[in-house]
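**Q** Under my numbering, the sequence shown has 113 at position 113, and the numbering climbs by one with no breaks.
A few of these clues could be false.
As the list claims (entries may be wrong) - Result set (DSS-like, lysine-lysine): computed pairs, CA atoms no more than 27 Å apart in a straight line: (1) K66 with K117; (2) K23 with K9; (3) K23 with K41.
Bear in mind the hints are in silico, worked out from the structure with no lab data behind them.
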Amino acid sequence: SITQEQLEKTARTFRQVCQPKHKISDEIADAVNRGVFADTKDFKCYVSCLLDIMQVARKGKVNYEKSLKQIDTMLPDHMKPAFRAGLEACKSAAQGVKDHCEAAAILLQCFYKNNPKFVFP
């Protein structure tokens, strides 16, 4: 299990890959953890980029088995049950959505609603 500090460091690394690629400001990226989601193509594709890097999803489709593994290896113990519950509730939330950026945004909102310990890079 990793510490909160290690988690934050990893999250920053992920963000540094996706943020410049999709021209997302710190304000917009930080707002996610307060439940504020920008309704722009750039933001949705930024979310897709992060979900891909974290191996939660691939092109907007949840990778359930891999996500469970990621929860076990990438999160501190106190966060695991909430993240498992969020994954369970949202695994098919974006089913049938063709646009992977749109699908990623739907997943993000679902995870936010269904996980009391929600954090996003």
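**Q** All hints, please: hold or fail.
**A** Okay, the hints, checked on the actual structure:
no.	hint	in the structure
1	K66 with K117	20 Å, holds
2	K23 with K9	21 Å, holds
3	K23 with K41	11 Å, holds
Hint check: no violations occur; every hint is consistent with the structure.
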